[in-house]
Amino acid sequence: MRLELRNIVKSFGEKKVLTGVSFEAESGEAFGLLGRNGAGKTTSIRILMDVFPANSGEILIDGQPIDYDKIGIGYLPEERGLYPKKIIIDQLTYFAELKEMSRKAAVQSIDYWLERLDMTEYRNKRLDTLSKGNQQKIQLITALAHDPDIIILDEPFSGLDPINAMLLKDVVKEQIAEGKIVLFSSHQMNYIEEFCDSIAILNNGVVSLHGNLYNIKRDYPRDRLVVRTEAPDAIVSDFGSSCTVMESGDLMIRLADASEKKAAMTRLVEHYDIDEVKVFEPSLNDIFVEYAGDAVKEG
Amino acid sequence: MKEFGTILRFELKHYLKNKVFIGSTVFIMLLIAVVMFFPRISALFKTSDASADVSVMLVKVDDAVQADMVRETFSASFANYDVQITDEEVSKIKDKITSGDAECAVVMTGPASFTYYVDNLSMYDMNTKIVTGVLQHIYQMNAMIKGGMSVEEITDIMSIQIKSNVESLGKDQMQNFFYTYIMIFALYMVILLYGQMVATNVATEKSSRAMELLITSAKPTSMMFGKVIASCIAGFIQIVAIFGSAFVFYNVNKSHWEDNMIIESIFNIPLELLVYMLVFFVLGFLIYAFMYGAIGSTVSKLEDINTAVMPITFLFIFAFIVVIFSMSSSDVDNTLMTVCSYIPFTSSMAMFTRICMSTVPLYEVAISIIILIGATVGIGVLSAKIYRVGVLMYGTTPNLKNIFKAVWKA
Chain A
1 MRLELRNIVK
11 SFGEKKVLTG
21 VSFEAESGEA
31 FGLLGRNGAG
41 KTTSIRILMD
51 VFPANSGEIL
61 IDGQPIDYDK
71 IGIGYLPEER
81 GLYPKKIIID
91 QLTYFAELKE
101 MSRKAAVQSI
111 DYWLERLDMT
121 EYRNKRLDTL
131 SKGNQQKIQL
141 ITALAHDPDI
151 IILDEPFSGL
161 DPINAMLLKD
171 VVKEQIAEGK
181 IVLFSSHQMN
191 YIEEFCDSIA
201 ILNNGVVSLH
211 GNLYNIKRDY
221 PRDRLVVRTE
231 APDAIVSDFG
241 SSCTVMESGD
251 LMIRLADASE
261 KKAAMTRLVE
271 HYDIDEVKVF
281 EPSLNDIFVE
291 YAGDAVKEG
Chain B
1 MKEFGTILRF
11 ELKHYLKNKV
21 FIGSTVFIML
31 LIAVVMFFPR
41 ISALFKTSDA
51 SADVSVMLVK
61 VDDAVQADMV
71 RETFSASFAN
81 YDVQITDEEV
91 SKIKDKITSG
101 DAECAVVMTG
111 PASFTYYVDN
121 LSMYDMNTKI
131 VTGVLQHIYQ
141 MNAMIKGGMS
151 VEEITDIMSI
161 QIKSNVESLG
171 KDQMQNFFYT
181 YIMIFALYMV
191 ILLYGQMVAT
201 NVATEKSSRA
211 MELLITSAKP
221 TSMMFGKVIA
231 SCIAGFIQIV
241 AIFGSAFVFY
251 NVNKSHWEDN
261 MIIESIFNIP
271 LELLVYMLVF
281 FVLGFLIYAF
291 MYGAIGSTVS
301 KLEDINTAVM
311 PITFLFIFAF
321 IVVIFSMSSS
331 DVDNTLMTVC
341 SYIPFTSSMA
351 MFTRICMSTV
361 PLYEVAISII
371 ILIGATVGIG
381 VLSAKIYRVG
391 VLMYGTTPNL
401 KNIFKAVWKA
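Chains as they are written, first to last, in our numbering: chain A, 1 to 299; chain B, 1 to 410.
Hints in this document: simulated from the structure, not taken from any laboratory. The reader is advised that the hints may include incorrect statements.
[To be verified] In silico DMTMM-like pairs for lysine to aspartate or glutamate, Cα to Cα no more than 20 Å straight-line:
hint, chain 1, residue 1, chain 2, residue 2
1, B, K385, A, D50
2, B, K219, A, D69
3, A, K99, B, E88
4, A, K104, B, E3
5, B, K13, A, D90
6, B, K301, A, D128
7, A, K132, A, E79
8, B, K19, A, D90
9, B, K19, A, D128
10, A, K262, A, E247
11, B, K2, A, E79
12, B, K219, A, D50
Source: prediction; values computed, not measured.
With the rest of the complex left out, here is chain A:
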């Protein structure tokens, strides 16, 4: 399955929120939707979920306009919240039933997920008796219980302890393996980097960068080397101003051109005691800063 957003435009009154958002996501892969606060991520998600219509643009599934009766969407909103005063199983069943499940199937699926997320003991408790992290796990069930085709997770890892984060990672990997489209929206770049094959960076209502994360990184000019060594001083004096010491203690060597890469690497390995030398690839964080910042080239 292939989800495609084409040239989505949305404005609220005078305020233009989206001025042409397009991206694609394949099933069986995780997709990262990035952008600064107010870039239009939530608006894009809401349009995708049919909360309100776009002014123009299309949402396609395998080339056909999306049919919300057939395509199930699971959503973990960034603003977490369920009914604090209600019994967990009651409200989870309610949300699953709203997603067109029968009561029996809903209860069955919820019991599976409570078990899977290690939450069975809270089944008949009120939500507000749970800790924040546990409430979040309950909320995750609302996004998964009805076995949706598209899962949208907005900041799924915020507020989770490392063990729960690991549990969630496993669950997400399972879902991706099942062939679902998983859409991530997060500011925690390490998670996006770990999960997402493709990303789209939103900036001021347009997609400023979009594509396969590996390819994006490959496409950066390969004219910088990262060198880890026990004796940096000799290298610094050899390469002069093109060599800087990074925060990590590693050295960064800026080449005049990418074609000098091989010669420089040979020279380093032959003359100095090198632990590691590699071509510098920008982290997602670097890419994000470059494409989501204010002074961005339209792309």
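Model the placement of chain B on the given structure of chain A, informed by the hints.
Relative to chain A, chain B alone:
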């Protein structure tokens, strides 16, 4: 439709499982039971009271000749008193009253004047009025006897009974007043109470951010109609429970209420009016509940609810006041009422009152109901739109202008 059913069931359960809802309903039912059983219970105490002493009323007459006649007439008029004729000094009579030997005394100071002595003058003491009547009667009799009429003739003349017969060609306002009043009051209470509940319910979902999920799971129209109709059913269940228990308890104690016209009239509502009551009740309820729901969706914090719903509450109180004043002035067909009975926000109360207490042509009723149905559906759809826009607006409480602007643009 399945979505609507799910929401309706969930919301209804929310009311019916609510401890406050159950508690208040049971409390009111118990209160009604106490009221309805009151005559029976008080009757039980009365029978044991029968042997108690009858209070003494002393009467001092200057003219000893008339003593017998005075005593007879007084005894007849004051069945609750042991009337004793006395010729003691006034000071002694006063002593007797203060010591408690007698409760009160009437001392004649002339053929047409008297002094009434009593220890503590109760607010409801009607004795002086009765005595005045009795003395007037005696004076007239004496005068007629002096004029040469026989006692029989005089008795005939004095005890003439006038027979009257009232035939109301329209509505009997006296009889209808009470149940109209009760119905209007019930409508007033239920709408204010449940309107607030709907608004709070929506605002709670918004402030707890359950809305983020709801809005992506269900259509706003289903949400709005599900919530409002659930509250309507809950309100209706409560009313049926309260009035139903009143009806049952009344029938259990019917023999003890025989002489109470008001209660009798309340339980004798004609079926036709009951149907009108149902129609106006449901429509009036819905139109306000929709508005309350829409307002609830525009506030971000629960604390802001009370100020936000104020305009609606004022509108409703205005309608209530117009109706109640018109009712007590017994002119329910005045211009204001006629106008109000077509405006959908006031017609549920105004038109119902007019139907109950006056004669309204059927076509006027039909027009009013059609306008009301149309407006209810319209407000329902509009409120669902406001809801969809409102629930996603956080931060500043938007004013009406902004809301309509957003609804228009969405």
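Hint check results:
1. K385/B <-> D50/A: Holds, at roughly 14 Å.
2. K219/B <-> D69/A: At roughly 13 Å apart (the allowed maximum being 20 Å), D69/A and K219/B satisfy the hint.
3. K99/A <-> E88/B: violated (96 Å)
4. K104/A <-> E3/B: holds (16 Å)
5. K13/B <-> D90/A: holds (10 Å)
6. K301/B <-> D128/A: holds (18 Å)
7. K132/A <-> E79/A: holds (13 Å)
8. K19/B <-> D90/A: With Cα atoms ~17 Å apart, K19/B and D90/A stay inside 20 Å; holds.
9. K19/B <-> D128/A: With a Cα-Cα distance of about 18 Å, the restraint between K19/B and D128/A holds, given a limit of 20 Å.
10. K262/A <-> E247/A: violated (25 Å)
11. K2/B <-> E79/A: Judged against 20 Å, a Cα distance of about 27 Å means the pair is violated.
12. K219/B <-> D50/A: Given that 20 Å is the threshold and the Cα spacing comes to 9 Å, the pair holds.
Of the numbered hints given earlier, the model fails hints 3, 10, 11; all others are met.
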